[in-house]
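Residue numbers (the numbering used here), protein chains in the order written: chain A, 1 to 308; chain B, 1001 to 1293; chain C, 2001 to 2371.
There could be a bad hint or two in this list.
If you only want the chain B side, here are some residues facing chain A, beta carbon under 10 Å, derived [as the list claims (entries may be wrong)]:
id, residue
1, Gly1052
2, Val1090
3, Leu1094
4, Tyr1275
5, Ile1276
Distance condition first, Cα-Cα at most 25 Å in a straight line; then the derived DSS-like pairs of lysine-lysine [claimed, not checked]:
id, chain 1, residue 1, chain 2, residue 2
6, A, Lys9, C, Lys2167
7, C, Lys2101, C, Lys2073
8, C, Lys2167, C, Lys2177
9, A, Lys27, C, Lys2119
10, C, Lys2177, C, Lys2119
11, A, Lys9, C, Lys2177
12, C, Lys2073, C, Lys2167
13, C, Lys2010, C, Lys2208
14, C, Lys2119, C, Lys2101
Derived by calculation from the structure, the hints in this document are not laboratory data.
Positions of the beta carbon are idealized from the N, C-alpha and C atoms, including for glycine.
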Amino acid sequence: MTETGASGKLVHPQRRFGDYIENALPKVVLGPTLLCALIFVYGFILWTGWLSFTDSRLLPRYELAGFVQYVSLFQNERWWTALGNLAIFGGLFIGVCLVTGLLLAILLDQRIRAEGFLRAIYLYPMALSFIVTGTAWRWILNPGLGLQNLVRQLGFESFTFDWIVTPGMSIYTVVIAGAWQSTGFVMALFLAGLRGVDDAIIKAAQVDGASSTRIYTSIIIPSLRPVFFSSLIILSHIAIKSFDLVMALTGGGPGFSSDLPATFMYTFAFNRNQIGLGAASAMIMLMTVVAILVPLMYAETRRGHHGR
Amino acid sequence: MADGHHTQTAGSHRVGRIVIYALLVVFALYYLMPLFVMVTTSLKTLDDIRTGNLISLPREISFDAWIKAWSSACSGVSCNGLKGNFINSVSFVLPAVAISTLIGAFNGYVLTMWRFRGSDVLFTLLLIGCFIPFQVVLLPMAQTLGYLGIANSIPGLIFVHVVYGLAFTTLFFRNFYVTVPPDLTKAARIDGAGFFTIFWRIILPLSPAIIVVSVIWQFTQIWNDFLFGVVFSSGERQPITVALNNLVNTSTGVKEYNVDMAAAIIAGLPTLFVYIVAGKYFLRGLTAGAVKG
Amino acid sequence: MSALSIRDVKKRYGPVEVLKGISIDVEDGEFLILVGPSGCGKSTLLNMIAGLDTISSGEIAIGGRVVNNLSPKDRDIAMVFQSYALYPNMTVRNNISFGLKIRKIPKEQQEEIVSRVSKLLQIEALLDRMPSQLSGGQRQRVAMGRALARDPALFLFDEPLSNLDAKLRVEMRAEIKLLHERLKATIVYVTHDQIEAMTLGDRIAVMKSGEVHQLASPQEVYDDPADLFVAGFIGSPPMNLIRAPVAEHDGCVGVSLHNGGEAFFFPAPEAIQGGLSKWTGREVIVGIRPEQISDEISRGLAREGHVKRRAKVEVVHPTGPDTLILIELNETPVTCRVHPETMVRSGQMTELMFDLSKLVFFDPETERRIR
């Protein structure tokens, strides 16, 4: 098929200098971002990791000192409180957001008049800073003039709602404010998921005589699995790095009873000049995120591949 | 959806509808309550607050708390209100949003239209940046800003927010540009257009919607940020969220809840305004960030 | 010198070789078709000619210039895409003139070219519309207009008709053919549609798994397929391929077939007697096109090389111009093309004429032709 001998006459132009530049451009453009990620994400993780193995206090020192910071971290009662609070807050916050979010999404999916308006109301807290949310709820929940006072004025003289100033209970107020802020988001995700369910499947189920409830429980909700996963990932991420809400709502108090790892890290690294201990707590936070998110994402992508 | 078909009688159907609407309205009231309380409290006098209750309307509307929150409330040691911090926030949020969106657009363009061996791996590496708890970078960043001479400065905050916002903006644009047919770029290359020509003349004109999404997302994120603000700035340079927190926690004399609430509304107003004006895009930003979760 | 010369071109993605050494020469003004099932490498090859994909090894020359090191813009080519790839933010006029603008062609000349091209393609009325306001067929024309405006040495078409509906596809096919004849342009055209390949091409390269199985004129590919794949791929309905043992009768080599209990012996054409005799006693695959099995009413008396046999009709598919009937030979369904006025029903026995002069035989192992 080939005509031999013709190749002798062929011209062989060389690549132009401009073409070399043009070909390199995509990498050159992406370069700075990658460099940033490499240094400011991965490099800094290593840096913090290193600090966590030193006995740095007010100023960073770089002589390794072994696991001293981790040992003292896990001997620190306050750290254990923070971890316990994270478990309480994380579990309740995620649970309340998922359940309420799904409920609201299903309710809104019933051909509701003014759906857009209601949706906007459920979602607006998401636009606010956690600091603003915390400030507002701090006022609402304060026993003196807030909700407790209101209910007492309505005639329930012995009504008591003073969690925000009660050690052991203040973490639950963080759950209330956090869920108020984030439920709308979960609702929006679920609503988008509901709208994405194939109409034909639902019609088929109706033809088969399934009731509305049945259609929801055995067809629609199971098909929202990916949305559950995304919400779970996002919510657990929010929970683990929750910082501003606690700072604004309780300041970690009373005492340190509503501390979370994020506030613990901030307090020790920046207020108490315990850089080594702060670094160690940050590394534990990172590992917690990895330990929770990696299996979730792995399950999600595996499922995705099977689905295809 | 599933409600199109009902086997129940009309009566039970009506009851069902009433229950649904009642639930929705109760939830709506619950979600609106804090906003209502904030607004009414901010318009009350301290006397009014002490004698009334959480949901009582102001006896007379007073803007004193707003004026004080804006120009003379004490946060920390200074008593200049939130005015200066509001300007601080504006002056680092706007550049940070613009820069991170522009770079994100270029990154997304490269990652979809000019893919090279390993570009997908690089994208994944970049994406992980969305998920790290920022506590893990605070200490090194504080040091680095010092070395660079931009600690406790507006450029420093711009820098930090751009660096840690890039993962998100890149994700937005990348996910949008994968829906643009790569043939467009190929056709333009054959027509003789180069990397930047294709971006400015072909790809960017397709992108207004995703630019809005990215700008809104970045704006809310950066405006609402507290962590970077509280760690990397102090005193006069603090962003509004940090100043608000200080104001609320500054305990000199009587606690002025009306001023606190006015300050909180001032701090929340810009993002709330964006939400009301461009809610559709706000939602798209949230879900776009989530879908790739 | 050929307009396009592809020499031993290979493409590897890591360890995977997607093109395994392709060599094709295209003459000036020739219309070459690259056809094959999806994943055969035809689009990769086209992208490599265009410079949108790199060449792992080998050489591609356009107009006597090796273009391996040239970027797409310097290769003197134009391309029409399956998705049309019209710039959505530009009017039709600007879509057509974009490449001219980039190349800094003077304004008056641009206008002249746009008006010439749009007249040729009858899209003058559309010049100020946006692509989103056009129908599929109109977009297709604009995409071709953009390519024509450049007046390149080589046109590349990447499945340009596959997004059109059936009727429009036939119309556009005819127009592309006409355009080629008027412009005498050199065209490389990728398609997975074998009818497009047959009707448009001067030559067809049938590809599969990164290899060219046959490179020949449409008629040659149809009548004289190089192997089992080409035989099965080209033609609609496809060639009947039947496993059958080779036997010898009265000094004549042929294949034994049966329909129900009845046994047929089909002698091989004269030219293959020698080649096939080595296979006596073994199985081969025999190929016969549907139109070579017909009814005598329409095709008149048996000519040389025809035999008449009775067979049981399994299924009848009227298509309009022809009726296709299915019979079974050696437990394999076999399509026959009969006159629509032939009234047969399934289950009936009918008399069929077999044109044995065009029988082809394949080695079941290597799938190559037995010659």
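So, going through the hints one by one against the coordinates:
| no. | hint | result |
| --- | --- | --- |
| 1 | Gly1052 | holds, 9 Å |
| 2 | Val1090 | violated, 15 Å |
| 3 | Leu1094 | violated, 17 Å |
| 4 | Tyr1275 | holds, 4 Å |
| 5 | Ile1276 | holds, 8 Å |
| 6 | Lys9(A) / Lys2167(C) | violated, 46 Å |
| 7 | Lys2101(C) / Lys2073(C) | holds, 13 Å |
| 8 | Lys2167(C) / Lys2177(C) | holds, 16 Å |
| 9 | Lys27(A) / Lys2119(C) | violated, 43 Å |
| 10 | Lys2177(C) / Lys2119(C) | holds, 17 Å |
| 11 | Lys9(A) / Lys2177(C) | violated, 32 Å |
| 12 | Lys2073(C) / Lys2167(C) | violated, 35 Å |
| 13 | Lys2010(C) / Lys2208(C) | holds, 14 Å |
| 14 | Lys2119(C) / Lys2101(C) | holds, 20 Å |
Hint compliance for this structure: hints 2, 3, 6, 9, 11, 12 are not met, and every other hint is.
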